[in-house]
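Chemist: Here is how the chains run, residue by residue.
Protein chains: 2
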Amino acid sequence: MQPDELEAALRDIGARRYHRLHPFHHLLHSGKCTKGQVQAWALNRYYYQAMIPIKDASLIARCEDSAIRREWRSRLVDHDGDMDGEGGIARWLKLTDGLGLDRDEVTSLKGLLPGTRFAVDAYVRFVREKTLLEAIASSLTELFSPVIISERMDGMLSNYDFVTRETLSYFDKRPPQAARDSDFALDYVKRHARTPDAQGLVLAALEFKCSVLWSMLDALHHAYVDPKHVPPGAFVPKDQ
Amino acid sequence: MQPDELEAALRDIGARRYHRLHPFHHLLHSGKCTKGQVQAWALNRYYYQAMIPIKDASLIARCEDSAIRREWRSRLVDHDGDMDGEGGIARWLKLTDGLGLDRDEVTSLKGLLPGTRFAVDAYVRFVREKTLLEAIASSLTELFSPVIISERMDGMLSNYDFVTRETLSYFDKRPPQAARDSDFALDYVKRHARTPDAQGLVLAALEFKCSVLWSMLDALHHAYVDPKHVPPGAFVPKDQ
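Protein sequence lines, in the order shown, are assigned to chains G and B. Numbering-wise (the UniProt record's numbering), the first sequence opens with residue 1 and increments by one. Numbering-wise (the UniProt record's numbering), the second sequence opens with residue 1 and increments by one.
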């Protein structure tokens, strides 16, 4: 494939496999979730958010090129911020605060679904163990995140009276960051994946990452959408 | 031990084991090295410099505390800089340039001593595999670096006509960075190593790190100081 054909194939994976298509997101964005279900979503997704800088530092830790490390470092800044209370993780906790969840309960991870943990941990392990090309390619779901974020903002603000713009401040910041990051990653894989083997690895990495995000929502859907099957030890919403 | 006793024990390790005491440094700083020996030192030490951000990102990658990750991130900034040509690695390459080494030869690592590679790789592995406490403690050689750097600057500038202040710009920047970093790491180990077992691990981590630095100079001394024993494939100075 030529680089632009590879890009088209990557975008096609997004069109078919990105978690924007997941039934749970349809419920969430169209106002069909209970507050408890929104809480469960935010509490589980917190683990993903909390592990993102660990994933990104793992990528930097295997990268011998100072320029790529420097570029990737901006992701650490985005998520950890420059001081306490700043950055994506802190903004995610504003969301869980706004939804009425106890912050210590969220950060303790006690109510986390095992399916969320295993999916997120698989992502971190993928980035640590696969090639740098695959690790970078696995970040490419960010190509598709601006659309889902705008749907989520609009949908949640208009459909839930317990959600405010401030609660959702995490999502305000993400689209430009995601666009910058996915531009870099897309350019990298287009330049470095020039053989059929390498292009196959890149496509598989993006499919893998789509599966991570999809699997997290599957676990959530199975546990919290009727008929509910909350596994032992997992978060139980008060309105359930 | 009380925290201050632990600090005293750490400083005692530095007084006995830090590579400031290594015979090669006495030669280097007192003007007794040939230009070829100074080149060999800078070329080998380049690998240490190049791996430092990889070591630091490895530490960040295992750290669940956003505040510690944020603090440690400043080390990535110091070494990789904010743009091309900035940061500690780029400044180290100014040193190897100034010593007349070919930059591609330096960065290719082709002439590196195996002993340098193994010591540096052992350090990175230590930070990846030991506890976070030990990983942080292993950075504490920076407590002792301002003194050796000032001895090196003075000694090399007054003793070698092929060394200029600009060539040594790497060392200008390091003392305040090292002081900030070692203050943080020392405070961390004093607060977190409160049992005899934990304190033993902290002391052993610093001894380990002193051994890494010492071993690098042993390899250099054995290869390049009379009677020379340059191993197959390693850098051979033109003046040898």
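Calculated from the structure, these hints are not laboratory results. The model shown is predicted, which means the values in this text are computed figures rather than measured ones. We treat Cβ as the ideally placed atom computed from N, Cα and C, and that holds for glycine. Heads up, some of the hints might be wrong.
What the hints assert, rightly or not - Covered stretches of chain B, going by a simulated chain G footprint (3 or more residues, C-beta under 8 Å): (1) 66 to 77; (2) 81 to 95.
Stated by the list, open to error - For lysine-lysine, the following DSSO-like pairs were computed, each having C-alpha atoms within a straight-line distance of at most 30 Å: (3) Lys110(B) x Lys130(G); (4) Lys130(B) x Lys130(G); (5) Lys130(B) x Lys110(G).
Chemist: For which of the previously enumerated hints does the structure constitute a violation, in increasing order of number?
Modeler: none
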